[in-house]
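J.: Could you put together the complete structure from these sequences and hints?
Counting in this note's numbering, the sequence shown runs from 1 upward without gaps.
There may be inaccurate statements among the hints.
[Stated by the list, open to error] In the SDA-like style, the derived pairs of lysine to any residue whose C-alpha atoms are separated by at most 20 Å in a straight line are:
no., residue 1, residue 2
1, Lys23, His45
2, Lys99, Ile89
3, Lys63, Lys99
4, Lys123, Val161
5, Lys23, Gln66
6, Lys23, Thr224
7, Lys173, Thr137
8, Lys99, Lys173
9, Lys23, Glu95
10, Lys63, Ile41
11, Lys123, Glu188
12, Lys63, Tyr47
13, Lys63, His172
14, Lys23, Glu100
15, Lys63, Asp38
16, Lys99, Pro170
17, Lys23, Ala46
18, Lys171, Ala203
19, Lys123, Asp159
20, Lys23, Glu93
21, Lys99, Asp32
22, Lys123, Phe252
23, Lys123, Asn2
24, Lys63, Asp136
Worth flagging that the hints you see were computed from the coordinates, not collected in a lab.
As the structure is a computational prediction, the values presented were derived from the model and not from experiment.
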Amino acid sequence: MNFIRAVHADKDGTLMLSEDRNKSVIENLCADLGFLTDMDISERHAYWLEHLWPICEGQPEIKILQIVRDSLPELKLSTLFNEKPSTTIAPAEFERLCKEGYDARHNEVTAREGIFELLTELKQGGTLLSLVTSSDTRSTEMDFSLVFDVAKDGYGFFDAVVTSDDITDPKHKKPAPTPYLYACAEIEILDTEYGHIALEDSAVGTASAVRAFGDGDNLVIRFTDEPLPDNAPACLRHARDIVEAREHITTFQGNLYNRYRLQGNDLQIN
Numbered sequence: 001m002n003f004i005r006a007v008h009a010d011k012d013g014t015l016m017l018s019e020d021r022n023k024s025v026i027e028n029l030c031a032d033l034g035f036l037t038d039m040d041i042s043e044r045h046a047y048w049l050e051h052l053w054p055i056c057e058g059q060p061e062i063k064i065l066q067i068v069r070d071s072l073p074e075l076k077l078s079t080l081f082n083e084k085p086s087t088t089i090a091p092a093e094f095e096r097l098c099k100e101g102y103d104a105r106h107n108e109v110t111a112r113e114g115i116f117e118l119l120t121e122l123k124q125g126g127t128l129l130s131l132v133t134s135s136d137t138r139s140t141e142m143d144f145s146l147v148f149d150v151a152k153d154g155y156g157f158f159d160a161v162v163t164s165d166d167i168t169d170p171k172h173k174k175p176a177p178t179p180y181l182y183a184c185a186e187i188e189i190l191d192t193e194y195g196h197i198a199l200e201d202s203a204v205g206t207a208s209a210v211r212a213f214g215d216g217d218n219l220v221i222r223f224t225d226e227p228l229p230d231n232a233p234a235c236l237r238h239a240r241d242i243v244e245a246r247e248h249i250t251t252f253q254g255n256l257y258n259r260y261r262l263q264g265n266d267l268q269i270n
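T.: This is the structure:
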């Protein structure tokens, strides 16, 4: 009996190793607009790593632009924009330029090793799969077509796909739980009491998943080299790779079996 009812997976950095490309595109674009042009490339990248990516990672492009703008009062404006009018760039134009940069470097994106095999095994075992991404539908279709070599319609093995086009209100995008709850509605498992697994990589996405599933017997796996904090939510586990993720899933499935099957709880298992 399969007690894992659904697995919900993020795209960038989780299913696909696209975060390095995305970060590079954004850093270069901001430099073209005049951001930190007094630094060389390595210094600028180090600044992003220390000060900006910890709060930007996992955020949509428009939010990243806002974060960069909000950081300006704390810095020397003369070293940031060199009198260029970049602070007035329209958010939609910034987003468009980012996506244009992603498209130009699509060949740099690869699938996370072993992720396709894991998803296939789960699917064959009767688990429903959803894709929950902050990317738009067009770029998501392109990425899956190129990286996984699947047809654009249906993304191959996913029972539901939630993109930024589905969650239009910024207040309901990650880190809000809405994208994951929307996915649950799409696969017609409205309760989050038990049996959900979310796969994420960023702090923002992980927060979204924890808010959606943290109150039930569910599992949130974050792909990261960082150690699990002592005060981490009970549902959260960190995994450096797919091997550790599989170990967490196996343990989780065993715990569900012991908790519900052996205690005789009358649950409807999908």
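J.: All the hints need checking, so say for each whether the structure fits it.
T.: Outcome of the hint check:
Pair hint Lys23 plus His45 holds up; C-alpha atoms about 9 Å apart against a cutoff of 20 Å. For the given pair, Lys99 sits about 15 Å from Ile89 by alpha-carbon distance, which is consistent with the 20 Å threshold. The hinted pair formed by Lys63 and Lys99 meets the criterion: a straight-line CA distance of about 14 Å does not exceed 20 Å. Only pairs whose Cα atoms come within 20 Å are accepted, and Lys123 paired with Val161 is accepted, the gap being roughly 15 Å.
Between Lys23 and Gln66 the CA atoms are separated by roughly 16 Å; this keeps the pair inside 20 Å, and the hint holds. Between Lys23 and Thr224, the direct Cα distance comes to roughly 16 Å. Compliance with the 20 Å bound is thereby established for this hinted pair. A threshold of 20 Å between alpha carbons decides the hint, and for Lys173 with Thr137 the separation of about 15 Å falls inside it, so the pair holds. For a cut-off of 20 Å, the pair hint linking Lys99 to Lys173 stands: about 18 Å separates their Cα positions.
For the hint pairing Lys23 with Glu95, the CA-to-CA distance comes to about 13 Å; that is within 20 Å, so the pair holds. Straight-line distance between C-alpha atoms of Lys63 and Ile41 comes to about 23 Å, which puts the hinted pair past the 20 Å bound. The hinted pair formed by Lys123 and Glu188 meets the criterion: a straight-line CA distance of about 16 Å does not exceed 20 Å. Between the alpha carbons of Lys63 and Tyr47 the distance comes to roughly 18 Å, so the proposed pair stays at or under 20 Å and holds.
The straight-line distance between the Cα atoms of Lys63 and His172 is roughly 13 Å, inside the 20 Å bound, and the hint therefore holds. Restraint check: the Cα-Cα separation between Lys23 and Glu100 comes to about 13 Å, which is no more than 20 Å; the hinted pair holds. Taking the CA atoms of Lys63 and Asp38, the gap is about 24 Å. The hint is violated against a cut of 20 Å. For the given pair, Lys99 sits about 18 Å from Pro170 by alpha-carbon distance, which is consistent with the 20 Å threshold.
With a C-alpha separation of about 12 Å, the suggested pairing of Lys23 with Ala46 holds against the 20 Å cut-off. As the CA atoms of Lys171 and Ala203 are separated by approximately 17 Å, the hinted pair is consistent with the 20 Å bound. Taking the CA atoms of Lys123 and Asp159, the gap is near 9 Å; set against the 20 Å cutoff, the hint holds. Restraint check: the Cα-Cα separation between Lys23 and Glu93 comes to about 17 Å, which is no more than 20 Å; the hinted pair holds.
Taking the CA atoms of Lys99 and Asp32, the gap is near 15 Å; set against the 20 Å cutoff, the hint holds. In summary, the hint linking Lys123 to Phe252 is supported, as the alpha carbons are separated by about 17 Å, within the 20 Å threshold. Taking the CA atoms of Lys123 and Asn2, the gap is about 11 Å. The hint holds against a cut of 20 Å. Using a Cα cut-off of 20 Å, the hinted pair Lys63 and Asp136 holds, with the two alpha carbons roughly 14 Å apart.
Hint compliance for this structure: hints 10, 15 are broken, all remaining hints hold.
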